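Participant: Protein sequence lines correspond, in order, to chains D and P. The first sequence begins at 136 in this note's numbering and counts up one residue at a time. The second sequence begins at 84 in this note's numbering and counts up one residue at a time.
Do not rely on the hints blindly, as some may be mistaken.
[As the list claims (entries may be wrong)] Partial selection, computed: residues in chain P whose CB lies under 8 Å from chain D:
hint, residue
1, 123
2, 126
3, 127
4, 128
5, 141
6, 143
7, 145
8, 148
9, 153
10, 176
11, 184
12, 187
13, 196
Source of the hints: derived by calculation from the structure; they are not laboratory data. These numbers were taken from a predicted model, which means no experiment stands behind them. Glycine is no exception: its CB is placed at the ideal position from the N, C-alpha and C atoms.
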Amino acid sequence: DAGVIQSPRHEVTEMGQEVTLRCKPISGHNSLFWYRQTMMRGLELLIYFNNNVPIDDSGMPEDRFSAKMPNASFSTLKIQPSEPRDSAVYFCASSFTGLTTDTQYFGPGTRLTVL
Amino acid sequence: DQQVKQNSPSLSVQEGRISILNCDYTNSMFDYFLWYKKYPAEGPTFLISISSIKDKNEDGRFTVFLNKSAKHLSLHIVPSQPGDSAVYFCAASAMGGNNDMRFGAGTRLTVKP
Chain D
136 DAGVIQSPRH EVTEMGQEVT LRCKPISGHN SLFWYRQTMM RGLELLIYFN NNVPIDDSGM
196 PEDRFSAKMP NASFSTLKIQ PSEPRDSAVY FCASSFTGLT TDTQYFGPGT RLTVL
Chain P
84 DQQVKQNSPS LSVQEGRISI LNCDYTNSMF DYFLWYKKYP AEGPTFLISI SSIKDKNEDG
144 RFTVFLNKSA KHLSLHIVPS QPGDSAVYFC AASAMGGNND MRFGAGTRLT VKP
């Protein structure tokens, strides 16, 4: 199993540009999570999907952020327009059932730098 | 608001000694707790968990202790090995609620040979 796949691994962009982060969850997993890691706040849950449906997006910081999961094997997190304060590492994770006690498997992350 | 706090950003111990990583939480609804380990350039990986019906869970060199009255948990690593050097995240969630797992900011453990 390849694990959770994220692309790109690194992204450098200029303020105001659109950024799209991609994630392929582990095959057979029904839940997908997007997290953001910063030095000050650690890992923050942005949004999670269950069976491709967004369940809780209360962690999405503002309207500039949007996430989609068009099918069970692909999800995107989009930032438009990007700002320097969005610079962080963004992780995608998936789990089999989405139950709280179910282990979440994380991808390697995308390091985003907004200049 | 930081519902899960790891107040020590870093910890350094000698190989063979015990490493103790601490975590505090504020939300009394949390009843399931986890520790994740993260190496550079990799995503966090699950290490060990504990539910609120227990006060201790052990897995090899790793033991997690939960003190519900103090809203405190700790991870003990005995004996510590250089390969344990990583960032350790504490996480908490409420089993009956949405899958909203809250993470601490992490503690960077360095085990010196």
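Participant: Determine for every hint whether it applies to the structure shown.
Facilitator: Okay, the hints, checked on the actual structure:
no. : hint : verdict
1   : 123  : violated, 10 Å
2   : 126  : holds, 3 Å
3   : 127  : holds, 5 Å
4   : 128  : holds, 7 Å
5   : 141  : violated, 18 Å
6   : 143  : violated, 17 Å
7   : 145  : violated, 15 Å
8   : 148  : violated, 19 Å
9   : 153  : violated, 21 Å
10  : 176  : holds, 5 Å
11  : 184  : holds, 6 Å
12  : 187  : holds, 6 Å
13  : 196  : violated, 27 Å
Of the numbered hints given earlier, the model fails hints 1, 5, 6, 7, 8, 9, 13; all others are met.
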